[in-house]
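Q: Okay, here's what each chain looks like letter by letter:
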Amino acid sequence: MKMEHRTITDISGPLVFMEATEQVGYGEVVLIRLSDGSIKHGQVLDCSKEMILIQVFEGTSGIDHEATVKFLGESFRVNLSRDMIGRILNGAGNPIDGGPAIPPDMKKDVIGSPINPYARSRPKQFIETGISTIDGMNTLVRGQKLPIFSGNGLPHNRVALQLARHAKVYGEVQEFAVVFAAMGITNEEAHSFINDFEMTGALNRAVVFLNLANDPAIERLITPKIALTTAEYLAFDLDMHVLVILTDMTNYCDALRQIGAAREEVPGRRGYPGYMYTDLAMMYERAGRIRGKKGSITLIPILSMPDDDITHPIPDLTAYITEGQIIISRGLHRKGIYPPIDISPSLSRLMNAGIGADMTREDHGQVSSQCYAAYAEGKELANLVAIVGRSALSDRDLAVLNFAEEFEDRMVRQGENEARTITDTLDLAWELLAKLPVEMLTKIDPQTIAKYHPNSKNEVKG
Amino acid sequence: MMAAKGEVIRVSGPVVTAGGISPRMYDVVFIGMERLMGEVIRISGNKSVIQVYEDTTGLRVGEPVEDTGMPLSVELGPGLISGIYDGIQRPLPALKDMQGSNLHKGAFTEALDRKKKWKFVPCIGKGARISPGQRIGSVAETKYLEHAICMPPNMRPATVTDIAEGEFSVDEGICKLDNGEPLKLMHIWPIRQPRPYIEKLMPNIPFITGQRVLDMFFPIAKGGTAAIPGGFGTGKTVIQHQLAKCSDSDIVVYVGCGERGNEMAEVLTAFPKLEDMHTGEPLSQRTILIANTSNMPVAAREASIYTGITIAEYFRDMGLGVSLMADSTSRWAEAMREISSRMEEMPGEEGYPAYLSSELSEFYERAGRVRTLEDREGTITVMGAVSPQGGDFSEPVTQSTLRIIKVFWALDTKLREKRHYPAVNWLNSYSLYSDVLADWFEKNVAKDWPHLSSWAMNILHREEELQQIVQLVGSDSLPDSERLILDTARMIREFFLQQDSFHKVDSYCPIKNQYTLLRCIRDFHDRSVGAINAGVTFNQIRNINARKDLSKAKYMDDMDGFLKGVMVDLRKECGLWEEEA
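Protein chains in written order, with my numbering: chain U, 728 to 1189; chain A, 2 to 582.
Quick caveat, the hints were computed from the structure, so don't treat them as lab data.
Please note that a few of the clues may not be correct.
As the list claims (entries may be wrong) - Straight line, CA to CA, 30 Å or less: simulated DSBU-like cross-link-like pairs of lysine-lysine:
hint	chain 1	residue 1	chain 2	residue 2
1	U	Lys835	A	Lys419
2	A	Lys573	A	Lys419
3	A	Lys407	A	Lys419
4	U	Lys776	A	Lys553
5	A	Lys48	A	Lys97
6	A	Lys553	U	Lys1178
7	U	Lys1170	A	Lys513
8	A	Lys565	U	Lys1170
A quick note: this is a predicted structure, and the numbers were derived from the prediction, not measured.
Please build the complete structure, drawing on both the sequences and the hints.
A: Here it is as structure tokens:
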């Protein structure tokens, strides 16, 4: 029989301080019963002989000295089941789709335990997202952590949904699942998420967690952890390939800052707690592959950079943990290009592990670096044209400039429901590259040019 | 071991307060029913503040605390080589066997395998008088490493009463002493205490990395210290891996301190397969890996740097050349900051503890070229990656590091975006060893090495100045002589500075080849200057074959031979121009 204590002394923001009348464990889950009978959940953040500090997930409104606290003697655990696939749950893991409760097959601690680096296996094998700028230029690999950096008002959520709909792996019998967790999104967004998942059938292979903007901020701290625990269960207990999408991590970090401030901790840069790197790493590093296990977790955190500033602590620390980043550009968005992914500052560190003859196509690496080089040159020329005008360019430079424009218009731009295969993407790249003088293709070796260049194909045919 | 018992009185994340024990500073304690390992980091009255090396979730107030009376130490002896450890020297492969793929709490395993027998060959006999640090024999640990067994530096001089060749495990006595103290293959050493030596010597031999931009322009000496700061994606880790693979050291200690698990997996799987280009053995035969990834307990991350440097010192004391790569010291500093903030200490800049720079200098000072206790020469070269927040070098960790280190390899986001690798910025980087090492390069490579190096640097500086003009008026309006400088600078950048770590030949460029390649670029430049003065146009020079060939030189197996051919062509072509003109 667990005791209920009525010893709350102070309440401050999301935190409750109480006198210690029982010896509790660090990180233990508590139930707080309010005087009106309703129940809130919390977790022990600090405990000493005299005092216990509790963070309350549902917010502290309505808590008073009369509220009672019960310690459950265990850390935060979540129910897991295969039947979670196809369901929409709230930020704390309870169904909100009107369906029945989910009978658990297993219960797991949401904090998880770090993967032994020695037990990891290197990420490899290609994941096809259907988006050319990712598949072709910044390839995503199973077990990778590849964030999307965006800004306010940019269509990162549409990109996220597109990924959730189209992502697939090739050549294996293992199942593929998507775990989608949204933190701090508006009701409107939630609505369109739910609609989209239901209409397109993407829900059949997805578990969706929604924490709304008007849900307590503290709940956001637990949502991504529940999502990742679910992903671990699907990947390493049920052998599935899992793609986890977390949006928007900026809301998570702000909740973390809120707790730090309420605890009167010494703040780090821009008021975010000094341990934010560790905290983010504890989540992001749950992605990966494990030797001897069939499943994998691939992670795409999405975050909006405050003021589009990539040096802001949230994108900065994230990029130090993840293996690259995809950048959504306001410039491309203004030009009306969807998905507005700017390839120049984007990077997938593990790309080489997922492309090539056995996985995508032998010309992939060379085509991609050639496109990078030509696009970068074309963008520089575009700046020059703004000063000296198009007529001042040589034929060669004009070709490069046209390449960059066409690249944006045809390679970057694609429909929201258009899922391009990697072959489509590479063929399109060749079509664009073919308009450049062939001697400009220095990053591609002659045999590859002979084999794939559209003009040389014609010669063979003709 | 005397074990005083106390109890937990407060838990706040990785920091635990205990009462009822009276430990010394930095004593190791075991906490709670799960026996989590921790270290005393502050004593106030009868309370001890402990940083815990494991996750404290579930730890309760009132659980027992046990003081071991010993500081945090590592085990040193045969079996270290190819070891893969966490920040407090727990062997990760053994933990995987015990606990499966994830790390759980309260695991305890010994760092060195107690079952394995080593063949010990003494080099002294009965009746010999031995003093601390003196070798008494050796174990052939790998094909190339005679692992010297020395009397631990913290023992008293003694006379050997019995010693014999034989097969021993690390904790068996191998030698009897008149004072009765046991002497084993292994000993333990506290990680926060530097191992003693007779004196520090000035570093004067270059530590050859095989990376052109580093060896030619910003060389580091054996026993020197270097920092590699750079924003994310600039290739810090690739350079560190490259140094671990190619450098000419006997032992490499690689500390993965708070970095990515997938990258560690890459190191852990790739290193045993890669060949050491100096001996032909697998790289793991000279490497010790310490892997404390970002999601592993933060206190163990704080300790990992000390664990690494103590192991490095142990091998240095045998008279070996050791290099230590720490990736990344910023994560280490952040671990300090996190612990400090949990202890509610008064913060210094950006929340880092006020003792940040003294801890950093203590660590870097453990590098160096020394005369060991038995009068041999040993070196530790330390190369620490720094991950400045927002790529901003003015932040405290970069700044504190800069005050201590002698070589600064600044990585640059702009170069990264141009896909210029290694993205070492030649304008910001520096080496304070250039002058000291010039002698060595003159004697061992070429007389004009220092001149060549400063000539190239000069061209690159000229380019920087000219670029400002070009941005205003375009390069066409420059005179041919200045366009030539721009072109030579481009050649230096593309043919020389850029180096492909993943290319089988280009990944390591021997020092002689570095010289020849740059020398050829200079010859090309000098001849072009002559040609321009004789009336040849810049466009003619630009289109000659020798220039195209130079670009390929770095990928050639036989670079020397290839360049000879290029120079012959160049001379011919120059002759033709001059005739035409």
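Q: Taking 30 Å as the top limit, are the C-alpha atoms of Lys565 of chain A and Lys1170 of chain U close enough?
A: 26 Å, holds
Q: Decide if the proposed pair is consistent with the structure: Lys835 of chain U and Lys419 of chain A, CA atoms, cutoff 30 Å inclusive.
A: 46 Å, violated
Q: When you check the alpha-carbon spacing of Lys573 of chain A and Lys419 of chain A, does it fall within 30 Å?
A: 35 Å, violated
Q: Would you mind confirming whether the straight-line C-alpha gap from Lys1170 of chain U to Lys513 of chain A stays at or under 30 Å?
A: Holds, at about 28 Å.
Q: So if I understand the rule, the pair passes when the alpha-carbon distance is 30 Å or less; does Lys48 of chain A with Lys97 of chain A pass?
A: The hint is violated at about 36 Å.
Q: For the pair we were handed, Lys407 of chain A and Lys419 of chain A, check the Cα-Cα distance against 30 Å.
A: 28 Å, holds
Q: Given the proposed pairing of Lys776 of chain U with Lys553 of chain A, does the C-alpha separation stay at or below 30 Å?
A: Violated. Lys776 of chain U to Lys553 of chain A sits at ~71 Å, over the 30 Å cutoff.
Q: Are Lys553 of chain A and Lys1178 of chain U close enough, with their CA atoms no more than 30 Å apart?
A: 23 Å, holds
Of the hints listed earlier, those the structure fails to meet are numbers 1, 2, 4 and 5, in rising order.
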